[in-house]
Structures are given as structure tokens and as C-alpha cells.
Amino acid sequence: MPRARRAATTQEQLCAAALDLASVLIIAMDARGRIRSFNCEAERITGYARDEVLGKSFVELLDFEEQRPVLEAFAGALANAGTVQPVQACLRTRAGKLREVIWSVRYTGADAGGLLLATGRDVTDEMVRAERVGQRERLAAVATLAAGLAHEIRNPLNGALVHVAFLERAIVRDSNKQAMLEATAVVADEIKRLANLVTRFLEFARPVRPHFERTTVREALAGVCQQAAASAQAKGVHLLCDLSDVDVELEADASKLSQALSNLLDNALEADSKSVCLRARRGPRQVLIDVEDDGRGLPALDAPIFDAFFSTKEGGTGLGLAVAHRIVSDHRGTIDVSSRPGKTIFRVALPLEQAAGDAR
Amino acid sequence: MPAARSRRILLLDADQRTSRRLANLLEEDGFRVEVLSDGASALARLSEHPLPDTLITELNLPALDGATVARSAAARSPDMRIIVLTRHPNLLVPTSFGPVSPILLTKPLDFACLLELLDA
Chain A
0 MPRARRAATT QEQLCAAALD LASVLIIAMD ARGRIRSFNC EAERITGYAR
50 DEVLGKSFVE LLDFEEQRPV LEAFAGALAN AGTVQPVQAC LRTRAGKLRE
100 VIWSVRYTGA DAGGLLLATG RDVTDEMVRA ERVGQRERLA AVATLAAGLA
150 HEIRNPLNGA LVHVAFLERA IVRDSNKQAM LEATAVVADE IKRLANLVTR
200 FLEFARPVRP HFERTTVREA LAGVCQQAAA SAQAKGVHLL CDLSDVDVEL
250 EADASKLSQA LSNLLDNALE ADSKSVCLRA RRGPRQVLID VEDDGRGLPA
300 LDAPIFDAFF STKEGGTGLG LAVAHRIVSD HRGTIDVSSR PGKTIFRVAL
350 PLEQAAGDAR
Chain B
0 MPAARSRRIL LLDADQRTSR RLANLLEEDG FRVEVLSDGA SALARLSEHP
50 LPDTLITELN LPALDGATVA RSAAARSPDM RIIVLTRHPN LLVPTSFGPV
100 SPILLTKPLD FACLLELLDA
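Read top to bottom, the protein sequences are chains A and B.
When we follow numbering that gives the first Met the number 0, the leftmost residue of the first sequence carries the number 0, and every step to the right adds one.
When we follow numbering that gives the first Met the number 0, the leftmost residue of the second sequence carries the number 0, and every step to the right adds one.
Be aware that one or more of the hints could be misleading.
Restraint-style ranges between C-beta atoms, simulated for each label pair [to be verified]: (1) HIS237(A) to ARG19(B): 33 to 43 Å; (2) ALA111(B) to THR143(A): 51 to 61 Å; (3) ARG6(B) to GLN225(A): 27 to 37 Å.
In silico negatives: residues of chain A with every beta carbon more than 10 Å from chain B [unchecked claim]: (4) LEU18; (5) CYS89; (6) GLU151; (7) ASN157; (8) HIS162; (9) PHE165; (10) ILE190; (11) LEU201; (12) PRO303.
Hints in this document: simulated from the structure, not taken from any laboratory.
Backbone N, C-alpha and C define an ideal beta-carbon position, used for all residues, glycine too.
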């Protein structure tokens, strides 16, 4: 092989290898936008194989949410025979997923094969991360503000409740009028309800870091069952707490875990159910705790039930499930829900071990 | 009648109107209650006799915080019962009490609960 030819071949091989090593999508098209080459990253991101896309229209294949910016970039590159400002366009993968990609487009010019070269950087995960951080920061700011407010609410509540106690006693002493006593009892109840709301809100907005210790599911949840039994009886709901099979050890913050399960049980008990069941079993690396009820079921499966202040119950705070979710997440666990009228299961999966050196 | 050991109470809270009302109620039940509204005057009071049997203090006080007062009270009288009123138990740093292990009550205070505690 002549030396010049050999050098060219090596150069081509090098280019081909570089194309496939690149961590950006690199797609070459003819002037009509038909795909001529498609690198590995383009295959990975879009889910299409090179063989099935060659010759197809770039814009049609990737089914952009908005075609116009892409087409304008192409037109601009063709007209200026150079590079144009990068454009962001959201493509649809073969599996139907949307990916945000920032595209740079350049026209090689007719002398160099008349190709349109598009390179794209997938920024979907970056955007999701940024959005999450932004959301977290906004939430933290609101939470700090609201926690301060909630904290300050306790003082006037305290003043009010102490004075209600005084009034109650004065009524008993002076007239013992039942209607007045009932009225003061209502005021006291309302103050306590408000205080309870503040407590729950603070648990949500200013959670204390969990303190992990070795415990067993049965030990951690004994108090919860007892407490739930009392409230089930008051509501006339049949409650079955079966933790007998799970004397398995796990690393958890027992009081927080109790809080989470107690919130899930409260939720089940308040779902117009006749019976509620709490049971646990051990998986290979985790404990699964189910809270099942035969109540009305969730309003919709995509209802944001774990969002703070989402509630479908009269007088509900909308914090019970949000707090439960946060606690379980702090334990690196998950809560899954399946629901239809007559059967709703909240399944809590908790890892048996927390990651070592976890500073949370 | 309340047990002898808890008869004398020092009540500390910046909200004097409520403290006085609470003191009225406790006095009707046979307790002797002194009300103060800041940490510095509480510390001064704790250097005099007779010392209270029970200290009920809010955590946030003007001049000096409730935890400091509680530590000083416990140093003067190890038998003194210490009840801390807090608006947010989560914010409480247990170590700030040193060797003292106070009874924590969250505001709003349930008077019946307090009575039960004092009679115990």
C-alpha cells in the first residue's frame, strides 16, 4: 500500500474511533438532513442502532418537541457555511423518553462533502439535578421561615391554654354550667389541635437527624401497635399487628420509625376501613413492612399523597404521609403504594444495614 | 395536698401574664409559686434561701437562657426537680443541660399534665 494511502487510512480509522469514543452525540447529515453517520453516544442516548437510522431524516427520527429551532439552526449553518449558536431541543428516544440535548451545528461546505454536522450534549440529568437543587433550596428557605413561625405560635397557644384551664376551673367553682364547660373544652381541643399541627409541621420542616441504632422491628414498633390498638378500638376498626415473624435486627432510629409507621397506621385507620393490618417480613437485605387497609382507597394513584399539605381528609394536616416518607427516605428505604377501593397497601422497605460512615 | 418536696415552685417565663395565671392556678392547689421573667434575676433568686423544690423554666429567656439557669439550680440543690418548657423539643440540645436531666414539657402546657407531674 502506498505510504500516502496508508496514512489516510490510519487517519480515517482514528476519526472513526474518536467518533465512537466521544461522550457527545455526533451525527452527520447531508444537506437535506438525511443521516449519514451516527456515533455510539448517539446510539446510546437515542436508543436507535446506526444501521436503522442511516438515510433517515434526522428531524423526523428524533421527533423533536419543537422542530423549528433545529431547522433554523440547520438553515443558518447552510447559509453561513459555518457554525451557528447552539440550540437546545428535546428529542424523543426510541423508547419514547424525552431527553434534553444542546446541539451545535456546522456545515462543512460543499467542497468537504456538503455535510451538516450536529453534535449534541445530553443535559437532561443536569437539568433534573439543577431543578432538584433549586426545589430543595426553595423548600429549605420556606421551611426555615415557616418553622420560625410555627415555633412562635406555641407561645400564644400556651397563653391561651393556660387561661382556658383557669376559665374551666372558674366555671366549675362559680356556676358549673355544662354548656360553658363544653365550650371551654372545645377551645382547649382546638388549641391542642393547632399545637399538634405545629408539631407535625416542625417534624416535617425541621427534622432532627435520625440516630441509628441496632434494634429489632418488633422492639421498634411495639409502642406503635399499642397506640394504634387504642385508636382502632375507638374507631371500631379491627386491627391486626403481626410482627411475630420478624425478630430481625436492623439499623434504625426507633422513635422516628415508630412515627412513620404510626402515621401510616393513622392514615389506614382514617380511610373508612373495617380492618387494618400491620405485618412485616424479612427479605434478603431488607425488612418489608406492610400497612394494609380495606378502606376507600386513594383518590387516584398519581395523587401527590406524599407531598406536604396534600390531604383528602376533613381536618387532615396533609403532613402525616409526608413525614412518613421523609423518615423512610432518611433510612434509605422506600414506600410503595398499591391501592384500589377495598384494598390499599403501603409497603415500607428498609435496608437492614445503613451505609457505614453515613454522615446524614 | 401536693407532696412536700414540690410545694415551692419557681416559675420562669418571659410571658408574665400567662405565668401569673398559671401561678394562680397552682396556688389554688396549694403550691407556693414565685414568678420571674428573665434568667439573670432567676440566678440571683437561686442564690437565696429557701430554694424552690421545683424549677419550671422556659428554654428561651431574656438575659440568660433556661438551660444555664437549670444547671445553676441543680448545682445549688441536686434534689431540685427541673421542668423545662419548650416550644420545640427538636431544638433542644440535651448536652446544654450538663449533668441535669430535666423533664421536658412542650408548649402549649396542659395544666392537668403539669399537676399530675407535680403530684407524682
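Against the structure, the hints come out as follows:
no.	hint	result
1	HIS237(A) to ARG19(B): 33 to 43 Å	violated, 49 Å
2	ALA111(B) to THR143(A): 51 to 61 Å	violated, 34 Å
3	ARG6(B) to GLN225(A): 27 to 37 Å	holds, 35 Å
4	LEU18	holds, 56 Å
5	CYS89	holds, 43 Å
6	GLU151	violated, 8 Å
7	ASN157	violated, 4 Å
8	HIS162	violated, 6 Å
9	PHE165	violated, 5 Å
10	ILE190	violated, 6 Å
11	LEU201	violated, 6 Å
12	PRO303	holds, 25 Å
When each numbered hint is compared with the structure, violations occur for hints 1, 2, 6, 7, 8, 9, 10, 11.
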